[in-house]
Structure formats: C-alpha cells, structure tokens
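So the chains spell out like this:
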Amino acid sequence: MIVAKLIDTTLCIGCKACEVACQEWNDQEYTLGTFNGSYQTMPDLAHNFWNLIRFNEVERNGAQSWVMSKYQCMHCAEAGCIAACPAPGAITQMANGTVDFVHENCIGCGYCITGCPFDVPRLSPATKKVYKCSLCSDRTAVGLEPACIKTCPTNCLTFGERDELLRSAEIRTRELKADGHAQAGIYNPAGVGGTNVIYVLNDATQPEQYGLPKDPEIPWTVRLWKGPLKALGAMVFMGSILGAFFHYVIFGPQDPEKHGHPEEEPTHEA
Amino acid sequence: MSKNSSRRDFITRSAATGASTAATLTGAPAENASAAHIAPLKTANTTKYTSICPYCAVGCSVNIHTLGDKARNVRSAIVHIEGDPESPINRGTLCPKGASLEEFVQSDRRLTKVRYRAPGAREWTDLSWEEAFGKMAARIKASRDAGFEEKDAEGRTVNRLENVAMIGGCTDTNEINYLLGKFRFGLGILAYENQSRL
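Protein sequence lines correspond, in order, to chains A and B.
In terms of the numbering used here, the first sequence opens at residue 1 and continues consecutively.
In terms of the numbering used here, the second sequence opens at residue 271 and continues consecutively.
No lab work stands behind these hints, which were simulated from the structure alone.
All C-beta atoms, glycine included, are put in the ideal place defined by N, C-alpha and C.
There may be inaccurate statements among the hints.
Stated by the list, open to error - Label-pair restraints from in silico Cβ distances:
#	chain 1	residue 1	chain 2	residue 2	range
1	A	Q183	B	A391	51 to 59 Å
2	A	C109	B	E445	29 to 37 Å
3	B	V375	A	T127	36 to 44 Å
4	A	I2	B	K383	21 to 29 Å
5	A	I13	B	P355	49 to 57 Å
6	A	N155	B	R392	29 to 37 Å
7	A	N155	B	E424	54 to 62 Å
8	B	I359	A	H181	29 to 37 Å
9	B	P355	A	E217	50 to 58 Å
10	B	R392	A	R223	54 to 62 Å
11	B	R392	A	G37	47 to 55 Å
Claimed, not checked - Chain A stretches covered by chain B per the calculated footprint, using a threshold of three residues with CB under 8 Å from any CB of chain B:
#	region
12	51 to 63
13	165 to 174
14	196 to 202
15	210 to 223
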C-alpha cells in the first residue's frame, strides 16, 4: 500500500502547528532566526528544520493574496535524490513509497541536493550528512500518522492510502470549482512519477505562487551521469582490469634485467 | 573468517564479492533496505498520562509520554506530548503552542530566575526572589498609599484601588488563580485581566 500526505492549501490558516510538531517529535535543536518582514518562521528549510509553511504574498486578479503552502520532502515515486545518490543504501524507498535517508550509509557528498527537483535535502555542517523529512517513518511503521498530520487543527493535512487521498482531492477540487475557484486543481507532478505529497491548490495553473515548481524533473545531468555514463564507466573499469590481466598472461611480468633500472645500477666510476 | 577456511571457500567468497561489486557498478537496482534503519518509536516504552493544555480557554486534552517507572531512584522525564484523540474538544490535534508543550515543561531555555530591568536601564539583571518580593511589596505599598480610595465623591464606601492593575496568565493553576483573586480583593484592585497568550 502506497501512503501519501494530502495538503489542502485552501484550509491552511498558517498556524505552523505542523512545524512545531515536526520539531518536537524529531527532537530538533532550536535555531534562532532573524525577522525579515515575513510571518514565515524561517527563510528556508534546514538540516534541522524539515517542514516549513511558506507565506507567499502574490498578486491575483489585481489583488494582493496571501497563500500558505507546506514545504517539505515530496516523497516522489521516481525520486531524484535516489537517482543521484552514489552511496549504496543511503537513500531507500520503502514499500509504502516513503523516501527515507539512512544516515549511517550517507557519505555526505550532497549529490541528492543536486538531484532533488524540489530543493529539499539539506547538508548538516556538523555531521556532514544530509537530512530531510522522513514522513515520520518511525511513526508510520507502527501505524501512527506523521506528527504534522496528527497536530493539524484545521484538517488541512490528511494521511492515508494514496489512491483514496487522490479521490478525496478530486472531490475537494470539484467543490472548489463549484465555489467559484475555476482554476482549482491537484498538484501531483508527472515529471517525477507523481509525488506522495499531494496538494490541492485553488489556482493549479500557477503552482509557482505556492513555491512549487511547475514541471519538476530530475536534472538531465543526473540522468546522464547515473545512466549511460555510469555503464560506460563500469565497462572501461572492467575492461582495464581485464586488459591488465591478459597483458600479464600474455606478456608476463615486467623484467627489470631487460628494461633496466638506471637508479639502482651501481656506478663503478673511479 | 575462520582459520580453517579452505582455498575453495576463499575463491567462492571472492567471486561473490566481485559479482556484487560488478552489479553495483553496472547500475543493477540495489535491494531495498529493510526496515532496520527506522528509528525506534520514541513513545514505545513510555507511560501515558492525560492532561489539559494550560494555554488558552479551549482546553485541549494532551497525552504526556514519560520515561521512567517512578521507582525511588529514578527520575521521570517527559519525552513527548501530543494531542489526545479521545478528547471531543481537539480530537488529537493541537495548535503550535500546544504542540510545543514538551519544551514548555523542560526546555533549558526556560527562565528559572527573576529578571529585572531597572527604570531607564538597557540591560536585564538577575534578582533573587527576596529582592524581587521586597521591590514588588514596596512598590505596591507606595502606589496603594497614594491611590487608595475609601469613599467616592458622593461619600459612598468603595474601598477601591484604581492606580494598580493585575494581569494573570493562562498557565497559572487554579490554586494560583484563587490566591491572585484573594490578593486582588484584599488590595481593592479593579483592573484585572487574563492574558491567554502568556
């Protein structure tokens, strides 16, 4: 069963309870921020801050609009971080679709940061490993919902089976359209095979207003590097080993007598 | 590897290692890691107590998860607080202040000393409780002596004090609030407010 998170941005009141619940459950350390003229808690995600409510001030139909959106790991079906990761077992996709980092296998190269089309993973300067939302894999493993979902007081966040949530997202979209939000729609981008974090937006034609990329894709550099170039590299590597082996079998070891080592030869000058 | 492993074992093992290395290098899909990497549930061995969030008047129920079995030599610690789904008021949800209750109880950033900023000063200083009580008592006494009204302009007995106000916080317990009430009536304070966000 693939599980998912549904974020109905039309119900978010920007209370940030999900941020606090995430910090509390995951025992994140406290970081002092600076006030920069926005109600947003932090300017960006951090290695110890995995869930941010963005307070986007945008213009719609000539009027100022304040749209909130939850910013965290999207748990993509075809995850860019997994495609980019060179360390075996450092990023795993669990049977329920959760993309989780296994920190003991992480080598801290940061390639997943390049591979992520949503710019989510963050490198910790202290441990030199990369961190992000785990969809509370410790909670979901025992049948509890993630901490952010549980605390949400407005029912904006729901957790459950992915197909079921997609159906309820469609129902909600129809409701919104009937209420006059003609642009309402679901954000579940196909470029990454769909995400296990699904949004209902009341203007799905402009996901950028919510801080979401319009057509997220795994960067072509990552695809090339981990696809054809990787196979080519492996072939060259194997070929050189085989070449060395056959060279040894056919020509034998290098003969120092024959080729000579000038620096080892004693000089007999009187 | 045991000391007695044969040459054949060694070769088999080497070949297996080589094959898996080759598979990794050529992009064969790595097997999904088992669930072993998942962190153990924080609340797996905790005792659960039900309580009420001390902040606003909504009165959400919370479950407090503590570690430690209350043995004589064990000090319990709160590891997690979350909403109580059995409460009809909040049904398991909490607002950001309620969600931060664990910190409210045991954050190392909590103030444990009296802080004082003298009139006109820029800096806060630490005060002992004795000094603080002394200063408060002296100021209340001075204000009360200056502003206490026994009778109003028409000669009616009012026994009121209009130049002192009192503010309570929502995290005060029933007992504290009872005492605050007594204290207020004793002094004759009329302006009394509760701030649910303190």
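Verification of the hints:
1. The hinted range of 51 to 59 Å is satisfied by A/Q183 and B/A391, whose Cβ atoms lie roughly 56 Å apart.
2. Here the CB-CB span from A/C109 to B/E445 is close to 58 Å, at odds with the stated 29 to 37 Å.
3. Checked against the given bound of 36 to 44 Å, the beta carbons of B/V375 and A/T127, roughly 28 Å apart, lie outside it.
4. Roughly 52 Å separates the CB atoms of A/I2 and B/K383, a value that falls outside the hinted 21 to 29 Å.
5. Taking the beta carbon of each, A/I13 and B/P355 are about 21 Å apart, not inside 49 to 57 Å as hinted.
6. Distance hint check: the CB atoms of A/N155 and B/R392 are about 46 Å apart, inconsistent with the given range 29 to 37 Å.
7. For the hinted restraint 54 to 62 Å between A/N155 and B/E424, the CB-CB distance of approximately 57 Å keeps it satisfied.
8. Taken as a hint, the range 29 to 37 Å holds for the pair B/I359 and A/H181, whose Cβ atoms sit roughly 31 Å apart.
9. A hinted range of 50 to 58 Å is violated for the C-beta pair B/P355 and A/E217, which are about 40 Å apart.
10. Between B/R392 and A/R223 the beta carbon distance is about 58 Å. The supplied range of 54 to 62 Å therefore holds.
11. Against the hinted window of 47 to 55 Å, the Cβ-Cβ separation of B/R392 and A/G37 comes to about 25 Å, which falls outside the hint.
12. Only residues whose C-beta sits within less than 8 Å of a C-beta in chain B count toward coverage, and the region 51 to 63 of chain A has 0 of them, not enough to reach three; the restraint is violated.
13. Taking a C-beta to C-beta cut-off of 8 Å, the region 165 to 174 of chain A contributes 0 residues in contact with chain B, too few for the three needed, and the coverage statement is violated.
14. Proximity of the region 196 to 202 of chain A to chain B, defined as three or more residues with a beta carbon under 8 Å from a beta carbon of that chain, is not established by the 0 residues found.
15. With a threshold of 8 Å between beta carbons, the proposed coverage of the region 210 to 223 of chain A by chain B is violated, since 0 of its residues qualify and at least three are required.
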